[in-house]
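Colleague: Sequence:
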Amino acid sequence: MLRAPLLAAVCLGLLLLAPAAEAAKPVRGAAPASLHGFLLRADEPAGNSFPRTPSFAWNPVPGATRYQFQLATSSSFRESGLVYSTSGLTTPVVAPTVMLPWITGNPHALFARVRGITASATTAWSAPFGFDMEPGLAPKPLPSEPGLLRWSPTEGADGYQVWFIDINNPTPKMETVFTNVLDEREFYTFHRTASWTNTVRWRIRALRTDRTDDNLQTRQNGLPAVGYGPWSPVYSSTNPAYSGGPITLGHTVSDVVSNGDPSSPVHRLMPAFTFSGDQAINGTSAELFRVYVFTDRQCLNRVFTSAVIGGPAYAPRPFGPLALPAVPTALPAARSSYLSDGSEPASYSFDGLKVQPSELATPATPTTAVPADSDVNPGSSTTPAAGPTQIQVGNGIVGAPVDLWDTDWPSSGYYWTVIPVAAVSPGAISTSTSSAAAIGASARRNVQVRARRRRADHPHRRQSPVPGSRVAPGRLRCPIQPSRPLRQEQ
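In my numbering, the protein residues as written are 1 to 490.
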């Protein structure tokens with residue numbers, strides 16, 4: 001009856017003795033030398049100020065089987081000042097998994113130290129390495145296209161927040177994106193006059209992800225850390241008057257600008273799509289548009305569907321499209337104000353298929369995991385190797401997956417086109433027979449039966465392969481009109 005409690009007490013005693021035994025190890029040998037921080041390479045020029053959490057390296061200690069590393073806000077490394085610590089390092093390098101706050105001191109506000117652990121002893125702690133965390137400069141505007149904002153990417157940024165200075169309905173309008181472009185759909189949708197579209201004022205700041213939802217990435221002493229850098233000055237972008245005419249595909253724009261030629265550079269960020277004109281195939285002018293992206297030259301396998309926009313540029317937004325009017329009585333208000341974010345009315349392609357914009361897709365949960373190899377003989381009883389450990393990126397609130405998959409340029413690519421969109425609200429059943437009643441029809445007889453309010457996407461005016469996700473530029477032909485490839489890589 002007494003053996004079980006006695007055994008538990010003995011086990012508890014052993015567990016309590018283990019840390020004490022390590023702490024009681026004698027201190028012998030030289031401390032690790034040359035402890036320093038770095039961002040990309042351990043041999044890069046030494047620095048003491050970083051715009052994101054650095055990695056650290058030091059000279060190996062002979063006989064050390066592992067290392068203990070600490071980060072603190074105190075050069076004496078008081079327990080209350082510890083921000084991060086680990087003791088399981090088997091190589092003389094560490095990449096802390098915490099986001100460090102913006103913090104500066106005189107001379108420094110953060111300190112790192114390391115010591116080696118051998119089988120029978122520990123070395124002395126290294127000399128503290130002092131450093132500061134300071135945000136980089138705010139992004140700056142880059143040359144762009146009508147209806148499109150573009151800025152210099154910030155190294156290490158997880159995303160960007162853009163503030164439209166002149167939109168307050170009733171709160172300031174801000175958009176979060178994970179690329180370096182943002183379309184001006186608020187200014188163009190249901191607005192064509194220069195008073196709405198001529199000048200767009202904006203500010204921008206870089207964002208970073210704080211993994212406080214993961215105990216392994218939480219700062220030990222609970223020191224707060226904001227997830228944004230400084231706001232930029234107010235920038236002003238000017239647009240020309242909207243031009244009509246046949247729809248003509250333009251450039252794809254991100255960190256690079258591509259026109260679809262074989263020599264076009266590869267996009268490393270999800271690009272924006274630009275075009276000019278507003279006329280469908282039969283010459284009818286439209287004021288709303290979509291961008292479609294396909295994986296095949298026949299433009300059958302659609303993998304991306306844009307939100308409805310009213311301007312000459314589209315850039316994906318992870319947190320949804322504009323709240324378009326769903327009934328005729330709401331249209332006058334839309335024409336006299338900036339639309340807020342929301343959802344679109346039910347939409348259908350010209351052949352009746354329901355269209356769901358990619359911006360309304362289920363939010364993504366990105367990880368660092370890749371598929372595990374499974375090269376074991378099916379007849380073997382050997383258990384396949386386990387897949388890599390997954391690390392969740394962010395707290396799961398990353399919006400819809402509005403990026404494209406990487407492909408192998410130049411052997412494969414994406415193809416894109418611009419689709420005129422019409423609002424249809426017949427009210428009651430109506431039929432008509434004509435030789436060219438459908439927008440985009442060339443020479444055929446058709447019968448239309450429409451009894452529901454919907455937004456109809458009409459056949460392409462042009463299609464163009466895009467350089468995105470390592471996608472191939474070059475002019476190819478889709479069933480209806482020419483196209484350009486898109487290519488992109490990460």
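Treat the hints as calculated values from the structure; they're not laboratory data.
Heads up, a few of these hints could be off.
[Claimed, not checked] Distance condition first, Cα-Cα at most 16 Å in a straight line; then the derived EDC-like pairs of lysine to aspartate or glutamate:
hint, residue 1, residue 2
1, Lys173, Asp341
2, Lys140, Glu155
3, Lys140, Glu44
These numbers come from a predicted model, not from an experiment.
Colleague: Taking the hints in turn, state whether each one holds.
Modeller: Going down the list of hints, with the structure as the test:
A C-alpha spacing of about 9 Å is found between Lys173 and Asp341, which places the hinted pair at or below 16 Å, so the restraint holds. Taking the CA atoms of Lys140 and Glu155, the gap is about 13 Å. The hint holds against a cut of 16 Å. Our distance criterion of 16 Å between C-alpha atoms is broken by Lys140 and Glu44, whose separation comes to about 26 Å.
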